[in-house]
Amino acid sequence: MNLLLAAMLPGLQAAGFLLLASLWLIGRTPAEATLRPFTLLSDGTSLALALLLFVQVQAGLGPTGELLVGEWFEMHGHPYRAWLVVDTLSTTMVLLTTTLIATVRLFALRYLHKDAGFFRFFLLTQLYALGSLTVFLAGSLDLLLAGWELVGLTSVLLIAFFHQRPAPVRNALRVFASYRFADIALLLAVALVLHQGGEARWSELDRLPADEGALALLLPCLLVLAACGKSSVGPFFGWLPRALEGPTPSTAVFYGAISVHAGVYLLIRSAAAIAASPAATALLFLLGLGSALAATWIGRAQTDVKSALAYATLAQLGLMFVEVSLGLTTLATLHIVGHACWRTAEFLRAPSALRDFDEWRNALGVAAAHAAQASAAASRRAYAPALFQLNYDACVDRFLIAPLGRLARALAWLDGYLARGSARARLGGPP
Amino acid sequence: MNLPAWMASPAGTGVDLLDLALLVNLAGCLDLRRFRGSGPCRHRCLWWAGLSALLLAAALLFTLPPPSSEGLAQPWTRIDRVSAIPLCVYTLGWLMTLLLLPARHSDANAGSGLLLMHAGMLLYYGHTEAIGMALGWWLAALPFLLGWFARPGTRERSAHSYVLAGTVAFSLAALVDALLPASTLAIAAMSVLTVLAVVLHKGIYPAHVLLTKACDMGSLLPIALFYNGHLGALLLLRHLNGDALPLADWVFPLLGGLALISSLYVSILGIAERRPRRLLAYVMSSQAAFVLSVIAAGDPAAGLLYWGLVVIASTGLVGSYVATESRCPTARDGVADLGLAVRTPRLAAMFLTCALALVGLPGTIGFWAEDVLVHATMNRSFMLPVALLLATALNALHLMRLYCMLYLGAPAARIPWFPDLLLRERIALGGCAFLLVAGGLWPKAVIDSWPVFSWSVQTVAARTAGQ
Chain A
130 MNLLLAAMLP GLQAAGFLLL ASLWLIGRTP AEATLRPFTL LSDGTSLALA LLLFVQVQAG
190 LGPTGELLVG EWFEMHGHPY RAWLVVDTLS TTMVLLTTTL IATVRLFALR YLHKDAGFFR
250 FFLLTQLYAL GSLTVFLAGS LDLLLAGWEL VGLTSVLLIA FFHQRPAPVR NALRVFASYR
310 FADIALLLAV ALVLHQGGEA RWSELDRLPA DEGALALLLP CLLVLAACGK SSVGPFFGWL
370 PRALEGPTPS TAVFYGAISV HAGVYLLIRS AAAIAASPAA TALLFLLGLG SALAATWIGR
430 AQTDVKSALA YATLAQLGLM FVEVSLGLTT LATLHIVGHA CWRTAEFLRA PSALRDFDEW
490 RNALGVAAAH AAQASAAASR RAYAPALFQL NYDACVDRFL IAPLGRLARA LAWLDGYLAR
550 GSARARLGGP P
Chain B
28 MNLPAWMASP AGTGVDLLDL ALLVNLAGCL DLRRFRGSGP CRHRCLWWAG LSALLLAAAL
88 LFTLPPPSSE GLAQPWTRID RVSAIPLCVY TLGWLMTLLL LPARHSDANA GSGLLLMHAG
148 MLLYYGHTEA IGMALGWWLA ALPFLLGWFA RPGTRERSAH SYVLAGTVAF SLAALVDALL
208 PASTLAIAAM SVLTVLAVVL HKGIYPAHVL LTKACDMGSL LPIALFYNGH LGALLLLRHL
268 NGDALPLADW VFPLLGGLAL ISSLYVSILG IAERRPRRLL AYVMSSQAAF VLSVIAAGDP
328 AAGLLYWGLV VIASTGLVGS YVATESRCPT ARDGVADLGL AVRTPRLAAM FLTCALALVG
388 LPGTIGFWAE DVLVHATMNR SFMLPVALLL ATALNALHLM RLYCMLYLGA PAARIPWFPD
448 LLLRERIALG GCAFLLVAGG LWPKAVIDSW PVFSWSVQTV AARTAGQ
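Taken in sequence, the protein lines are chains A and B. At position 345 of the first sequence the residue is numbered 474 (my numbering), and the sequence of numbers has no breaks. At position 462 of the second sequence the residue is numbered 489 (my numbering), and the sequence of numbers has no breaks.
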């Protein structure tokens, strides 16, 4: 029963996505009036299934733990199997995901009414729901990776939702680059575990580090790096504020609620493997603490609501990283649930921020607003670096993107010599 | 006069279905040559192609030998279990190319060229001896050398001339094999010539320059099709299977290393590039180099899986780009974001699907191919998958950049109205997307349940282990 429920959750989303995409491809794009009941039915069913699964697990009914769905294929005698995990953590996350996605899509039915991208939004959020449910129900790292990449892709496509403007497209590309390079770490982690002859299941992950020296260090570090990429923490600090170009509902569900917390979920799942490596634990602690402090600092200087919310989210994510590094996984789980719900509400209210602020000022008086501004004036020296996000983007541009560009241009110049073609003439000389 | 050994029929079964398919292609080519200069003749070409594909399908279904045998010998050509999958995948790519060729390029010259190229490929795939393979290579390269794909008054023909160098190199290797006794010197000569042929055909560094130039100036779809024949990779598989040429031990590590360096090199090169055709050439050669690296790393199973992915996904990718370029010629310059998704949303979706499948999108066969590739290369060295993943990440970025450049942005007012996917494009690109997604959702159907695949993999893997 539990396995069936768990398999049905992403299965329904996949079927919904394939149906919508097929209709669109053959030129029968569903109208808003058709899409509304479809969305309500799809989200309502998912929510009911998630609730039922949660109750089943809490009541101790049916099997729990890692459950085998079937075999994808076998190569060289190594089976690639589909495992789902059904326990308190996964069902909590699934219930949270289905609830928040249903809420946000309900909100979007009105918010995006008559928008040119109405269908595109619902098609992409259907794919996103499939990806996030796969992440939280995956019983092995390779299945998690599939959902992980789908979440990343839909995130990028929704950032570029208003693609007539250049900024969303530019920012979507930057976020895509961050995701792709962070995903390398997760892919390598999967390959490392498979290389040991395992199946990359969570239970095997916990056992592995005790056996292998180099693996004990490398694997947790790779997992921490992958989590940083998804949660915009540490070396991938800069992409979250750039991701707010999409429509408000998608911003709420991706960057306030589910997507950014997927990194923390990965850390909680692999907490035992990370705890076995002091180096990885220390790295996690430092990255989390550093990100929390930096985000709090930068957030103070933001002049628009969405950016302030993004940095507030980053600060909380940093704290969650710290909690996991200290072994407080239950606290981190509660933190995810509370923070996701609160932040979703905040992001959804963001377009009404001015009105809210006026009401707040009317209720508390002008003095209260001035008092808040006075504290900012007191720390004027800290203001400039915070306003420029501690020069994070400038550093990435200068020390990563510019050298890569110079290298590429130098190679193109070399190619010009080889081809005696247009490249040399076009570039004029060595960079 | 006795027939040479490679043409003799051990089984004496007479003309078989594969030979018939080859003859149909040649007859179709001659038939289409009669209509030169009389405008598009796609229907006539498709008729011949359909007949040839049917014969080939029948050949695959009815003449495949049981798993225990070494292949069914026929008078001229034979389908064995090493060439069956590549041949199937290549033929699918060929049919898609025929459908995707823009109307203004689907004249008798291009049609006969594609039929002749397929005849050459059938000959190449259907032979285990080097001389027969060389003949097939020549036949497949002939349309490029004769300028059948080039538009009159352009420099396209000169861009295709690099094909000649690879063909000559392999022919010389085959001649050395046929004429000289097997000595250390002869094997060394054959190895050098084979490496040269493979490097030139696959656009491996430094030959990537020639491939890029050909893609930039020449007919993109036929070049991609010829490239997707993966003649060099099949040659290596044949060698592993104990056929084709005897090669020195250093050939595999050298080609594997060159392919790896090349894939990383061209993916870095793409950072400074904005012109779509060159970017596509870089991505295609970088991703296809993985096939060679993984076969050279001793895992033909992963290589074959990636081979199938590259052929289908890159045909769809190049096809959707060519369809875009034929609608909006300014796309070729890559100077500004065109915002074409507003006018051709389905074409944009197909481009994105094929592009992302090529770099490992979950839900497509690309995801599993990447997973298996990384797993396979990890067995050789830790740095190998790191390099391959870096190249894939860069390629993914290039493709996303290209997608943004072509389809996102504010639509330019000066671009006139044009239709979204035409029926023939829907069939071809829809077919591509279906194969990629179906392979991703049911990889078992592609990998496990296909006895052809498991047989060829087992055989070749056993030989690799023996080496």
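By construction, these hints were calculated from the structure, which means they are not laboratory data. A hint or two may mislead.
[Claimed, not checked] If you only want the chain B side, here are some residues facing chain A, beta carbon under 10 Å, derived:
{"no.": "1", "residue": "Ala54"}
{"no.": "2", "residue": "Leu57"}
{"no.": "3", "residue": "Asp58"}
{"no.": "4", "residue": "Leu78"}
{"no.": "5", "residue": "Leu81"}
{"no.": "6", "residue": "Ala84"}
{"no.": "7", "residue": "Leu87"}
{"no.": "8", "residue": "Val293"}
{"no.": "9", "residue": "Ala299"}
{"no.": "10", "residue": "Glu300"}
{"no.": "11", "residue": "Phe394"}
{"no.": "12", "residue": "Ala423"}
{"no.": "13", "residue": "Leu424"}
{"no.": "14", "residue": "Ala440"}
{"no.": "15", "residue": "Ile442"}
{"no.": "16", "residue": "Pro443"}
In this text the structure is predicted, and so the values were computed from the model without any measurement. Built from N, CA and C at the ideal position, the CB exists for glycine as well.
Violated hints, by number in ascending order, as checked against the structure | Per hint list: 1, 2, 3, 4, 5, 6, 7, 14, 15, 16 violated.
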